[in-house]
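> Each protein sequence line maps, in turn, to chains D and Z. At position 22 of the first sequence the residue is numbered 22 (my numbering), and the sequence of numbers has no breaks. At position 48 of the second sequence the residue is numbered 48 (my numbering), and the sequence of numbers has no breaks.
By construction, these hints were calculated from the structure, which means they are not laboratory data. Incorrect hints may have been included.
To be verified - Okay, derived cross-link-like pairs now, SDA-like style, lysine to any residue, Cα gap no bigger than 20 Å in a straight line:
(1) Lys201(D) - Gly118(Z)
(2) Lys201(D) - Arg117(Z)
(3) Lys201(D) - Ala215(D)
What the hints assert, rightly or not - Here are a few chain Z residues that sit away from chain D, every Cβ distance over 10 Å (derived from the structure):
(4) Glu69
(5) Leu75
(6) Asp131
Backbone N, C-alpha and C fix where the C-beta goes; we use that ideal spot for every residue, glycine too.
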Amino acid sequence: MIGPSGQAVTVDRDGRPFRHFPVAVSAGAMGLAWSRQEAAPDGACVLVDYEINALGRLGVAWPTPAADTLSFAVVLRPTLEVDDADLPWLLGGLGVSRGVESYTGSKTATVWPDQVVEQSSGRTIASILAEAQLAPGRVRAAVVTVRIDLAAAEVERDRRDDLLSAVLESIDAVSEACGEDRASVAAGYEGRSALIGRRAKVRLRPHGETRAEIAGFDVHGRLELRSATGMVERITVDMLRDMELV
Amino acid sequence: MALDGSDRESPAVDGPTVSSSNPLLEAGPEGGDGRPNGESPEPLATAAAFVAAVAWGEHLRVWELLSPEARRVVLRVAVSRGMDEALSARIRDGTAGRAERDTFLTDLVNGLRADLRGNDLDALEYAPDPDPYGDVVDPDRTRVLLVAPVVSAALGEPLPVASVELVRHDGQWRIEHLLPRART
Chain D
1 MIGPSGQAVT
11 VDRDGRPFRH
21 FPVAVSAGAM
31 GLAWSRQEAA
41 PDGACVLVDY
51 EINALGRLGV
61 AWPTPAADTL
71 SFAVVLRPTL
81 EVDDADLPWL
91 LGGLGVSRGV
101 ESYTGSKTAT
111 VWPDQVVEQS
121 SGRTIASILA
131 EAQLAPGRVR
141 AAVVTVRIDL
151 AAAEVERDRR
161 DDLLSAVLES
171 IDAVSEACGE
181 DRASVAAGYE
191 GRSALIGRRA
201 KVRLRPHGET
211 RAEIAGFDVH
221 GRLELRSATG
231 MVERITVDML
241 RDMELV
Chain Z
1 MALDGSDRES
11 PAVDGPTVSS
21 SNPLLEAGPE
31 GGDGRPNGES
41 PEPLATAAAF
51 VAAVAWGEHL
61 RVWELLSPEA
71 RRVVLRVAVS
81 RGMDEALSAR
91 IRDGTAGRAE
101 RDTFLTDLVN
111 GLRADLRGND
121 LDALEYAPDP
131 DPYGDVVDPD
141 RTRVLLVAPV
151 VSAALGEPLP
161 VASVELVRHD
171 GQWRIEHLLP
181 RART
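Make the full structure from the sequences, and use the hints.
As structure tokens, this is what we get:
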């Protein structure tokens, strides 16, 4: 919402600073701007009904129409060092997976780095985009943008707000746990990952390829690949171009 | 990585080729290539096993498939780039700690991957070099061409993308050099 003075209106929603826009470039853009320019507090949330530019990781467009999508961004201010800048991806994925599951009852799984899928069918339920704003030696804030396909999650449009509350509550819980024990986030994400134990060909940016079995995630949020002879490689989200399971 | 640092031209492909999709070539980390123990795999199979080990990050298998001379060259290059002499000796003698060994071999594997970068490693075919050393005949030394198949015969001959020199050591074919055809 835009107020008479042209500024976004912040309301309180269940104790959380909250902004709602019928139309915006993207939820993530609004969240990043709020975080950077107005020091949005931890847990601040932006809900957007219609995103003009609903882009995910590497600029991939979100395919679901806006009418069937729950799009929001949440500002997180966990205590993280720069090396941990990938952890918000796990944090967001784990929070969304747990939140959707708790609300709908459907089993969900995470697909690193940016998807939550229905466990049985593999159908994409949600996409995650985590963007870290860095300060010297630390992560100043992380903005996690979430897009949930309401049809895939089997949630009616008029129950969208309830789903949002459930997912935000779950993200809050994971974020809190992250402050106490980062390893628990990686372990929780790993426990829900549909990729563990699968053999994958990983194409890297700017170039190159690596292949091995997906072994897990480390405390920094990096993917761990382990070869048959035990060679371990750690892949950050920025290094990943795409992945093919074989 | 061209283990000798050279960039030799490989001749055109002629003769039989073996695709990496051949199950006989799928040598596992323990040499699970279907051959009886002690029998020397043919050079084509050894070259394919080496490329597969590089692709799949099987670092111990990569080291195992290198000839003693190739290992010496790798360690010499590493020392020239700053690796500790004592560590080099430990790796050479097989007494290095697991972490330092894995770090070194991971770098080696990634260097080899960089040399093979840009090629579809699953589609590579392996062909004997019809004329590896001119008039010099050495039954314990040969060269294998790594060939990228072409989509259509109208596009011309299959293109060699790299070659591998092998030597026979203790009855086993081992990799002496990997020579990328085109270096970037």
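> Take the hints in turn and mark each one as holding or not.
Here is how each hint holds up against the structure:
For the proposed pair Lys201(D) and Gly118(Z), the alpha carbon gap of about 14 Å is at most 20 Å, so the pair holds. The straight-line distance between the Cα atoms of Lys201(D) and Arg117(Z) is roughly 13 Å, inside the 20 Å bound, and the hint therefore holds. For a cut-off of 20 Å, the pair hint linking Lys201(D) to Ala215(D) stands: about 13 Å separates their Cα positions. Every CB of chain D lies more than 10 Å from the CB of Glu69(Z), the least distance being 22 Å, so the non-interface label holds.
The Cβ of Leu75(Z) lies farther than 10 Å from every Cβ of chain D, with a closest approach of about 18 Å, so its non-interface assignment holds. Asp131(Z), annotated as away from the interface, keeps every beta carbon of chain D farther than 10 Å; the closest lies near 32 Å.
Every hint from the earlier list agrees with this structure, and none is contradicted.
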